[in-house]
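Working from the sequences, and respecting the hints, build out all of it.
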Amino acid sequence: AQSVTQLDSQVPVFEEAPVELRCNYSSSVSVYLFWYVQYPNQGLQLLLKYLSGSTLVESINGFEAEFNKSQTSFHLRKPSVHISDTAEYFCAVSGNSGGYQKVTFGTGTKLQVIP
Amino acid sequence: DVKVTQSSRYLVKRTGEKVFLECVQDMDHENMFWYRQDPGLGLRLIYFSYDVKMKEKGDIPEGYSVSREKKERFSLILESASTNQTSMYLCASSSPGSAQETQYFGPGTRLLVL
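Sequence lines, in order, name chains A and W.
Residue numbers 1 to 115, in our numbering, belong to the letters of the first sequence in order.
Residue numbers 1001 to 1114, in our numbering, belong to the letters of the second sequence in order.
These are computed hints drawn from the structure, not numbers from a lab.
Source: prediction; values computed, not measured.
Incorrect hints may appear among the rest.
[To be verified] For lysine-lysine, the following DSS-like pairs were computed, each having C-alpha atoms within a straight-line distance of at most 25 Å: (1) A:K49 <-> A:K78; (2) W:K1070 <-> W:K1055; (3) W:K1071 <-> W:K1057; (4) W:K1003 <-> W:K1070; (5) W:K1018 <-> W:K1057; (6) W:K1003 <-> W:K1053; (7) W:K1053 <-> W:K1070; (8) W:K1018 <-> W:K1070; (9) W:K1003 <-> A:K49; (10) W:K1071 <-> A:K102; (11) W:K1055 <-> W:K1003; (12) W:K1070 <-> A:K102; (13) W:K1071 <-> W:K1053; (14) W:K1071 <-> W:K1055; (15) W:K1003 <-> W:K1071; (16) A:K102 <-> A:K69; (17) W:K1055 <-> A:K102; (18) W:K1053 <-> A:K102; (19) W:K1070 <-> W:K1057; (20) W:K1003 <-> A:K102; (21) A:K102 <-> W:K1057.
[Unchecked claim] For the chain W half of the interface with chain A, some residues (derived, Cβ under 7 Å), not all of them: (22) L1043; (23) L1090; (24) T1102; (25) F1105.
Yeah, the Cβ is synthetic: ideal placement off N, Cα and C, and Gly gets one too.
Shown next as structure tokens:
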């Protein structure tokens, strides 16, 4: 079984300040880790993912996440947020279950950037 | 770019009605998924399909059924809508392969059952 925990349901932050959105996971097998973003009135879209190799992965819009196996975490960070980053962020783990892809999503963190 | 479309952005139905939610993807993906999204609960998998005419139950299939007659189309059916099915419904697709695959989502259908 696999699970994802996002402890922070909402994170308010001032524009140009740094932010960290926390994600912890559990799984009995190897998994792959994702962050998806949902802008208002839209579906989810991939922000970044960790498959293997370097534990630090980056997105094209300045977000980064670090895979920490010992702490079973995949926290998302950005050094300076912009108003346009206001959205809901979902952490997800993906593994194989019965030969199929099984994706488990966290409950989401709403990032509110304050001007 | 992958495009996943859903037939309606907003739907209002009455209790007991049969409801059809349609999803179409244009990237020839084998895998398609239906989730519901509720505040504080994140996304929960209702059903998924890995091939035409094939379906598998997800975590919360009760009260729902699905149909996959064509590769590009995956329909979610609420046989007799109830108020606890008021939710945001998201369709997704992905190409076959391992657990590394990215899922591509439609814009969602917000369903209100009165």
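Here's how the hints hold up against the structure:
1. A:K49 <-> A:K78: 15 Å, holds
2. W:K1070 <-> W:K1055: 12 Å, holds
3. W:K1071 <-> W:K1057: 18 Å, holds
4. W:K1003 <-> W:K1070: The hint holds at about 16 Å.
5. W:K1018 <-> W:K1057: Answer holds: K1018 (chain W) to K1057 (chain W) is near 20 Å, not above 25 Å.
6. W:K1003 <-> W:K1053: Holds: K1003 (chain W) and K1053 (chain W) sit about 22 Å apart, inside 25 Å.
7. W:K1053 <-> W:K1070: Distance ~8 Å between K1053 (chain W) and K1070 (chain W) Cα, so the pair holds.
8. W:K1018 <-> W:K1070: 21 Å, holds
9. W:K1003 <-> A:K49: 20 Å, holds
10. W:K1071 <-> A:K102: Cα-Cα ~20 Å, so holds.
11. W:K1055 <-> W:K1003: Holds, at about 22 Å.
12. W:K1070 <-> A:K102: Roughly 22 Å between the alpha carbons, so the hint for K1070 (chain W) and K102 (chain A) holds.
13. W:K1071 <-> W:K1053: 9 Å, holds
14. W:K1071 <-> W:K1055: 12 Å, holds
15. W:K1003 <-> W:K1071: 14 Å, holds
16. A:K102 <-> A:K69: With a Cα-Cα distance of about 20 Å, the restraint between K102 (chain A) and K69 (chain A) holds, given a limit of 25 Å.
17. W:K1055 <-> A:K102: 14 Å, holds
18. W:K1053 <-> A:K102: 20 Å, holds
19. W:K1070 <-> W:K1057: 19 Å, holds
20. W:K1003 <-> A:K102: Status holds; Cα separation ~22 Å.
21. A:K102 <-> W:K1057: Judged against 25 Å, a Cα distance of about 12 Å means the pair holds.
22. L1043: Where the cut-off is 7 Å and the nearest Cβ of chain A is about 4 Å from L1043 (chain W), the hint holds.
23. L1090: 6 Å, holds
24. T1102: 5 Å, holds
25. F1105: 3 Å, holds
This entry satisfies every hint, going by the numbered hints stated previously.
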